[in-house]
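Protein chains in written order, with our numbering: chain A, 5 to 109; chain B, 5 to 109.
Because the hints were derived from the structure by calculation, they are not lab data.
All figures in this text were calculated on a predicted structure; none of them were measured in a lab.
Check before you lean on any hint, since a few could be wrong.
Put simply, identical chains are the same to the list, so a pair is met inside one copy or across any two.
List time: in silico DMTMM-like cross-link candidates among lysine to aspartate or glutamate, alpha-carbon distance up to 25 Å [what the hints assert, rightly or not]:
id	residue 1	residue 2
1	LYS56	ASP87
2	LYS56	GLU25
3	LYS56	ASP17
4	LYS98	ASP77
5	LYS56	ASP75
Protein chains: 2
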Amino acid sequence: MTYRVDGLAALADPTRRTIFERLAERPRAVGDLAGDLPISRPAVSQHLRVLKDAGLVVDRPAGNRRIYELDLDGVGALRAYLDQFWNRSLTAFKAVAEQGDEEVS
Amino acid sequence: MTYRVDGLAALADPTRRTIFERLAERPRAVGDLAGDLPISRPAVSQHLRVLKDAGLVVDRPAGNRRIYELDLDGVGALRAYLDQFWNRSLTAFKAVAEQGDEEVS
DNA sequence: GGTCCCGGTAAGTGCTAACTTACCGTTAGC
DNA sequence: GCTAACGGTAAGTTAGCACTTACCGGGACC
Numbered sequence: 005m006t007y008r009v010d011g012l013a014a015l016a017d018p019t020r021r022t023i024f025e026r027l028a029e030r031p032r033a034v035g036d037l038a039g040d041l042p043i044s045r046p047a048v049s050q051h052l053r054v055l056k057d058a059g060l061v062v063d064r065p066a067g068n069r070r071i072y073e074l075d076l077d078g079v080g081a082l083r084a085y086l087d088q089f090w091n092r093s094l095t096a097f098k099a100v101a102e103q104g105d106e107e108v109s
Numbered sequence: 005m006t007y008r009v010d011g012l013a014a015l016a017d018p019t020r021r022t023i024f025e026r027l028a029e030r031p032r033a034v035g036d037l038a039g040d041l042p043i044s045r046p047a048v049s050q051h052l053r054v055l056k057d058a059g060l061v062v063d064r065p066a067g068n069r070r071i072y073e074l075d076l077d078g079v080g081a082l083r084a085y086l087d088q089f090w091n092r093s094l095t096a097f098k099a100v101a102e103q104g105d106e107e108v109s
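Produce the entire structure from the sequences given, and follow the hints as far as they go.
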């Protein structure tokens, strides 16, 4: 139930964000992704594993290759976690800010 | 203009997320924060610097101490970046998904 | 069945991140 | 002015991350 946190760490890496966005455009095979990126194919594989463990992508075999695409469930969970995170933080912050306003001036 | 990305990396660390949430509850001094955390005061200072560099918190001197609190501008910028990130990714993904539906069945 | 392609994994390397202790400047209070 | 609290920074250690090359199994095609 805390894998959403790993999701945030997963997307903190710029290369993984790029991979994520590439996969958003369309499902892709590993070699296909690696062709567009300045890193080796094994490196892409490792990034994909992190994204997969974070629940952000899923893969399926397609004959010779392996197709990766976004996992809407995991992405939705991460978004929900973030929304909750912002809401909790900002409402608490604003509550104190308003309280403080009275004695600031 | 890319500091929002650093913001994501800044919040990827669990300790920094905790600090961020503590600061959302109310502005705090460094030693105050460190008292509640299982790490040393210098470590807290270093985390605060990362958060500050990411534009997520601001600090001001208050006599002997130094008070940290959330920076709504930076937080808003990060939220905006994330919203855009999700929107771009998910709309692209769904567009392909619908396109694919026609030939899937 | 032999030969390619595809991609996961093992092993190793370099760098950076997160932490520690030690030190130092600054402010407050006597 | 002295002393004590607060907090930033320097220096050093350790663990993990992003990457590489080398290797290996599995499916596809002839």
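Now for the hints, and whether the structure bears them out:
no., hint, verdict
1, LYS56 to ASP87, "both (22 Å within a copy, 22 Å between copies)"
2, LYS56 to GLU25, "within (14 Å within a copy, 28 Å between copies)"
3, LYS56 to ASP17, "both (14 Å within a copy, 19 Å between copies)"
4, LYS98 to ASP77, "between (31 Å within a copy, 13 Å between copies)"
5, LYS56 to ASP75, "within (9 Å within a copy, 33 Å between copies)"
When the structure is compared with the earlier hints, no violation turns up for any of them.
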